[in-house]
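Peer 1: On the provided structure of chain A, position chains B, C and D with the ligands as indicated by the hints.
Chains as they are written, first to last, in the working numbering: chain A, 1 to 477; chain B, 1 to 477; chain C, 1 to 477; chain D, 1 to 477.
Hints may be right or wrong, so weigh each one.
When the alpha-carbon atoms are kept at most 20 angstroms apart in a straight line, the in silico PhoX-like pairs for lysine-lysine are as follows [what the hints assert, rightly or not]: (1) D:Lys114 x D:Lys337; (2) B:Lys349 x B:Lys337; (3) B:Lys163 x C:Lys163; (4) B:Lys450 x B:Lys2; (5) A:Lys450 x A:Lys462; (6) A:Lys163 x D:Lys469.
Listed next, the stretches of chain B that the computed footprint assigns to chain A, with coverage defined by at least 3 CB atoms under 8 angstroms from CB atoms of chain A [unchecked claim]: (7) 20-32; (8) 102-112.
Label pairs and their calculated CB-CB ranges [stated by the list, open to error]: (9) D:Ala54 x C:Arg466: 48 to 56 angstroms; (10) A:Asn413 x B:Gly25: 28 to 36 angstroms; (11) A:Glu280 x D:Met342: 56 to 64 angstroms; (12) C:Leu472 x D:Glu118: 37 to 45 angstroms; (13) D:Glu118 x C:Asp48: 53 to 61 angstroms; (14) A:Gly208 x D:Gln203: 57 to 65 angstroms.
FYI, nobody ran anything at the bench for these hints, they're computed from the structure. We put the beta carbon where it would ideally sit given N, CA and C, even for glycine.
4 protein chains.
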Amino acid sequence: MKTLIKNGLVVNATGTGLADVLIDGETIAAVLAPGSNLLGFDLERNVDTVIDAAGKYVIPGGIDAHTHMQMPFGGTEASDTFETGTRAAAHGGTTSIVDFVVQYAGENVLDQYKAWHEKAAGQCAIDYGFHQILSDVQDSSLVAMDELVAEGVSSFKMFMAYKGVFLSDDGQIVKAMQKGAENGALMMMHAENGSVIDLLVEQAVRAGNTSPYNHGLTRPWQAEEEATHRAIMLANLTGAPLYVVHVSAKQAVDQIATARDNGQNVFGETCPQYLYLSLEDNLGATSDEWGPFEGAKWVCSTPLRSKAEGHQHHMWQALRTNDIQMVSTDHCPFCMKGQKDMGLTDFSKIPNGIGSVEHRMDLMYQGVVDGHISLSRWVELTSTTPARMFGMYGTKGVIQPGADGDIVVYDPNGHTSIGVGKTHHMNMDYSAYEGYEIDGHVDTVLSRGKIVVDDDTYVGTKGDGRFFKRGLSQYLI
Amino acid sequence: MKTLIKNGLVVNATGTGLADVLIDGETIAAVLAPGSNLLGFDLERNVDTVIDAAGKYVIPGGIDAHTHMQMPFGGTEASDTFETGTRAAAHGGTTSIVDFVVQYAGENVLDQYKAWHEKAAGQCAIDYGFHQILSDVQDSSLVAMDELVAEGVSSFKMFMAYKGVFLSDDGQIVKAMQKGAENGALMMMHAENGSVIDLLVEQAVRAGNTSPYNHGLTRPWQAEEEATHRAIMLANLTGAPLYVVHVSAKQAVDQIATARDNGQNVFGETCPQYLYLSLEDNLGATSDEWGPFEGAKWVCSTPLRSKAEGHQHHMWQALRTNDIQMVSTDHCPFCMKGQKDMGLTDFSKIPNGIGSVEHRMDLMYQGVVDGHISLSRWVELTSTTPARMFGMYGTKGVIQPGADGDIVVYDPNGHTSIGVGKTHHMNMDYSAYEGYEIDGHVDTVLSRGKIVVDDDTYVGTKGDGRFFKRGLSQYLI
Amino acid sequence: MKTLIKNGLVVNATGTGLADVLIDGETIAAVLAPGSNLLGFDLERNVDTVIDAAGKYVIPGGIDAHTHMQMPFGGTEASDTFETGTRAAAHGGTTSIVDFVVQYAGENVLDQYKAWHEKAAGQCAIDYGFHQILSDVQDSSLVAMDELVAEGVSSFKMFMAYKGVFLSDDGQIVKAMQKGAENGALMMMHAENGSVIDLLVEQAVRAGNTSPYNHGLTRPWQAEEEATHRAIMLANLTGAPLYVVHVSAKQAVDQIATARDNGQNVFGETCPQYLYLSLEDNLGATSDEWGPFEGAKWVCSTPLRSKAEGHQHHMWQALRTNDIQMVSTDHCPFCMKGQKDMGLTDFSKIPNGIGSVEHRMDLMYQGVVDGHISLSRWVELTSTTPARMFGMYGTKGVIQPGADGDIVVYDPNGHTSIGVGKTHHMNMDYSAYEGYEIDGHVDTVLSRGKIVVDDDTYVGTKGDGRFFKRGLSQYLI
Amino acid sequence: MKTLIKNGLVVNATGTGLADVLIDGETIAAVLAPGSNLLGFDLERNVDTVIDAAGKYVIPGGIDAHTHMQMPFGGTEASDTFETGTRAAAHGGTTSIVDFVVQYAGENVLDQYKAWHEKAAGQCAIDYGFHQILSDVQDSSLVAMDELVAEGVSSFKMFMAYKGVFLSDDGQIVKAMQKGAENGALMMMHAENGSVIDLLVEQAVRAGNTSPYNHGLTRPWQAEEEATHRAIMLANLTGAPLYVVHVSAKQAVDQIATARDNGQNVFGETCPQYLYLSLEDNLGATSDEWGPFEGAKWVCSTPLRSKAEGHQHHMWQALRTNDIQMVSTDHCPFCMKGQKDMGLTDFSKIPNGIGSVEHRMDLMYQGVVDGHISLSRWVELTSTTPARMFGMYGTKGVIQPGADGDIVVYDPNGHTSIGVGKTHHMNMDYSAYEGYEIDGHVDTVLSRGKIVVDDDTYVGTKGDGRFFKRGLSQYLI
Ligand SMILES: [Zn+2]
Ligand SMILES: [Zn+2]
Ligand SMILES: [Zn+2]
Ligand SMILES: [Zn+2]
Ligand SMILES: [Zn+2]
Ligand SMILES: [Zn+2]
Ligand SMILES: [Zn+2]
Ligand SMILES: [Zn+2]
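With the rest of the complex left out, here is chain A (with noise of 0.2 angstroms):
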């Protein structure tokens, strides 16, 4: 199976150039000159599929790296099955996910491992590769740490937050760190005070304080900033390298881009929801429907951030100035129905997470389209960084000779109209983006390869995701 896609702008992060781009099987094999007919052969006519992409966007396949299929959370379970959510991935020029084993306090951590690799198997669209979360740190557990490296999951997350389910105490942590400083493991952290967080949850509902708005009022910034800085402090100590997951306060990204000018191995991942929503818009938001439960649709965690504070500018600056470093979605679906209203009369109660793997590529565009960042930037925020991050890159993450062809024709001159019933494939029966309009358009996306997604149908089988084993950090200075 050989593909041509001709005449199109290949786009990296570092520039662009007009490039034809030869696929072979389940790999790139060149990439060549625009009709360029290679000292007189005709690679056009001896292709098997030829895709013209002038005046459209050759870009590499999105890689989502923080996303939550089907995990078990709040008395739920995410509502996007590795089928449902990968696919969904697909529609929107996402290639390549890397969803989070959970390991809960008690268990260990190698059976959770085996337990993901049985859902996901033989399930998704796209590649997939693992992160592995550590709760408790049993010695078993971190014995398992060498094991997963060598099997390709090389990264770890931990939880400053949610007591009694993931939460780390700072000598686990530690004790972990030490361990990614030995074998090279990148170690990720959610860095919110759970202590404080519970705390003040706690008071806002005794005083009656029960709708989702109230999310965002109980975890407040300095809860973010306090658990970013530990996270640095903590990663100082051992010499692990760390990365810092969905960062929202800007507060918090001061404390990333202080311990990077320092010198230290410290990134920052943001995602969609803290660049465009707010609390304010949508943690505050009413509808006929909901009434101020409406807010529930983006009650995750970090919450949205204060628009009057001014978070979402300083986070567009942020992924400007390299101070953070990918944008990847958390996507973590719920339905209002039967899942979010669990919450109804408490917002502690309503399962913490948004779905948005479908639409990170678009959204990121648009980004671009709005003058926020470059088109090399884009590409670099949504998949040569992740790549690079995640021990991905050569094979994912750029296009040249050797990659996986997970390519996506992007067209700036396409639509794109976000909300249910117009392009939604996730599992959700809400869109937390609805009546958002893309200035682009997803057109073709190839896996492998092999064209998944066409002009808005999906046209691959289920199975053809395959996991990857991901080697160390290559982004580490």
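Peer 2: Positioned in the frame of chain A, the structure of chains B, C and D with the ligands alone reads:
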């Protein structure tokens, strides 16, 4: 003329990949999977030249964005002509330079621009571009800035030192920056407080402190930090992007880092001399031949900084953290005999400058070997970012179809001994890096598809190098 | 002549205490427990005058360390003479001023010093000292610095703006600072980048933007921040202590705070106008009488800053955090008619200056009432620190035995209405604070033991005030 | 009982002045011009005692706001009782201490408070106050906080270390801080990350690294910096004022400085051990008697820091810049024999603490002699600010009418040799400052008007000291 570079490890700014590179005429036609016979067609048999790069790095040719060939300065002239200097550059794996058109106070900018074209035309071994120096800022100079941008000279350098020679006062700087903010040109700055330095120099000489070591003492870090901050504020006021040349003081680095964290388009360049050499070891050196005047070999401005104060260590870190984005040479060679010795009894009469256009790629590669920077960062610092910064990317600075065939085959198993009588093609009677041993070697150098250096031998022709028109910076955020 | 101030709350810089103050002749003889009859001896019966201060504050007389009486400037002369200005000061509870001897470029420092003594001698209502302005730094000026320190003039002011009038270049500043580092004098700086401002003013006027509002726009915060940083670096280089006058931009405050955190002897003064007035409300004001020229009333340099940018709010905070240590007035009054109106068609011709020597103590007390600062901090900012900063402490700035009887009885239950025709003893045809209402009142003012203001009536005699010799700063760390 | 201290140089926090001090009964009646015969009345003849302080300093008695007399800790009890400890304090010129009521987890706050009163009542040589320690934060503890503020206990200390003993979790800290923000109490924090330290200690001991030196290694600066930052953020969240005890790491100082620059009410205390002693010289010491266990003498927490890292140097600077506001001792003495030696084979069993309540005034005066701080700053750091910080000013911390007659006559021409068998009144079998020589001497100490130490002899009576009720902090901005 067709050339295939096969089996090398192509290194770009974000990572590496094994690939063959096909050059057709002056430009790269394709990058292909190694040994690719593209659907049955045997490339190797259909090209004129095959270079086997197995076990070697294939990198975009070095871009030295800061050189001064045959510049009249300090009563003499930099000792490398465009001919000798660019030939030496080619030997060292540098395939492009951006040199400076000098306008001294009272001169007409466009007259000077023409004069520099006459100096360089038909002389160069490799491609060259120009920055324009502005000293006084006449009304005609502001008009000329627009014309020069259209001519492909999109960057303008000013000086905060060298009164009566180069110095612009702050009002003049703002005037030029306002124009830069308007037409998109990048403003470059020699950031040292000349007024303070002139006083300290005068006091030192009057006190009989006349040896080269005093060159360092009379240009303290405060003078650089201050001017750097001032340039940043003037750029902030006007909205112009700012590029600070030859940063040597860690405190100046910090000023740049702070401005960047704040989202300002501020960039910094350092040079090998600020990474490897020091006040103590070099400006303070003595020799049998020259006594304490030995230090004159390393009299350049900004000066070499104190090792005890840790500037060099901090500068390597800044290269890792991207607080400093590029490495150029500020190549400005003078011979000891007949030039540097003009200052035998008064350091202030020593022509300021060090030559190292030939050794930049090697010296920075040694930084990879020594663990200071990664392989990709080497390419980014010496080629890709210079290309982006100065509007050449796509044509220069990257190995991709359509780009110029400016390529270096670099052997990590080779070795290079630096010194007069060893590798030394610059027109200098000494080497600033005498005795340095490099764990790598420039094997083959192609300039626009033509091999110009092969196995330490220059095989090009005078005048191969062409002037290139640059666009606006592609590195702005 | 013996006076007993009884039953008042004595306020000093660290706290308060109920106490009687006994003044014998010109100095304080004792501070005693209220009603103390000292072992049987009835003080009250043995003094000439008893002032009942029950329910009132007894504070050391205000010290305004920055005034310009009858200063020739901008083609006219500040409208308050030493006589009128010091009388107004006394009305407002200020018992000492430190005024500036002007040396314009080309003039001889000691000649000027003598001339200023002649102007002031026999004129003043309260004690006065001098700072010496240095513009060009002649060799004779450096010699004069030593002589002046011996004369009790231990502080020297320089300007980074006002080219051709006051401006010193950076080399001249360093030269003077080297002398200051040697003889212990405090170096004061008007920190604005004059070269930039001159350009912006010229551009504004040429563009027809001639109203007073443009005075603010053409002196942007960057010009102040830059010069402040530069002054700090020059001081750092030389080791001289630095005192930045009339700080108005929050970014300049931050530069001072950073230097202080680093242990450098850097100090900052602000003025009531930078706490209460703004670009929008004042420079941008219009009136029936003056139209947009109304703003001329508040043309001073550094300029009033934008309220929207939050400078005033930040400045109050800096007073609390001691990042700014003192409040002076920069009293430099000009009448609207015949003086300010010189700039009716060109803001750059408006004499720069605001008069408020009379209102500083009241305006800052209002800061206590409004909760910005504490009672002790009020005394510290307006009297104790000025005394320490400028080498007067012990004689001035504190209520303790041996100190001059410079005392104000301030009534927190009184009221003061500011405005022409209300309280207004300065020689100005308008008030910069017209309509301000103060929740407190200056009841009685003693200067060296003599009551000079009582119940809003001046009861002193012209020439009561004496020149005082100051020592070196007592505030250095 | 009337006493006149004549002809001394009275030193207060802002400066000095020659004055006589008259004490009548327990309080200061007057401060007078030297030799004042007040309008004809001869004081000297009318008092009971005259102390000639000519050539000496007359200062407010030292206030040591951080002591632990007979505190049960680590399976033993601090070796100084309220009797021995306060007597030693008096010998050293300290006339007030604020000691800590301990509440261990599970205990009732008010019960403990009563118990501590019983321990101290009738025992003390000087006046004493109490801070209350909170470990777990029971609902009753929050109620008790209000009651204790009314009782004159206006400051509460919490611990971020010592799990199972003192440790409060972050939610508990917030709960207590919310109360502090409400009732105005000052929240004190032992800021070290106990969870991390416990792990490092366990790892060290398991690895056989059991000598006292490892005490320092297992409490790295990161653990202090982190907890300091965390405490600041929790205070920021709640609005409570924060006082960080025994700051030793320069990085923690920087966190405090940053918070203060931002206008937050954050304060820091250091101790003589963090100025004079070090990891290398003391924790790493060996002796004939004890071998490497010699270091046990200086096992305290926070630990002595590395001299090579420059903490001590930075701490002196912070005392000058007021980034650290006070010097206390954290006096918590243990004997080597029978106490410290419990950790002979395991440093983690060594009771944590150093005794120096006797030497603080001398050691800090040596800082004046050595040029680290000024004379006024000495008084401010050791007496005036402690009084203001903890709500005692007016009664303590200043020499003014109405204040307690707590006065020290200090001889700058005297000399003090520190060491067992020299001056040593603390109940310890070694001195932490053995061999230190001080260029000054405590001549006479008065506590509430009564001479308690004269010429190195204790002349007071057990039980002279009274409990004093403190008000809210007078130092808040
Ligand atoms: Zn999370
Ligand atoms: Zn997540
Ligand atoms: Zn230069
Ligand atoms: Zn140069
Ligand atoms: Zn001024
Ligand atoms: Zn002035
Ligand atoms: Zn403690
Ligand atoms: Zn303690």
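Peer 1: Confirm or reject each hint.
Peer 2: Okay, the hints, checked on the actual structure:
no.	hint	result
1	D:Lys114 x D:Lys337	violated (31 angstroms)
2	B:Lys349 x B:Lys337	holds (14 angstroms)
3	B:Lys163 x C:Lys163	holds (18 angstroms)
4	B:Lys450 x B:Lys2	holds (9 angstroms)
5	A:Lys450 x A:Lys462	holds (13 angstroms)
6	A:Lys163 x D:Lys469	violated (41 angstroms)
7	20-32	holds (count 9)
8	102-112	violated (count 0)
9	D:Ala54 x C:Arg466: 48 to 56 angstroms	violated (30 angstroms)
10	A:Asn413 x B:Gly25: 28 to 36 angstroms	holds (33 angstroms)
11	A:Glu280 x D:Met342: 56 to 64 angstroms	holds (59 angstroms)
12	C:Leu472 x D:Glu118: 37 to 45 angstroms	violated (54 angstroms)
13	D:Glu118 x C:Asp48: 53 to 61 angstroms	holds (56 angstroms)
14	A:Gly208 x D:Gln203: 57 to 65 angstroms	violated (47 angstroms)
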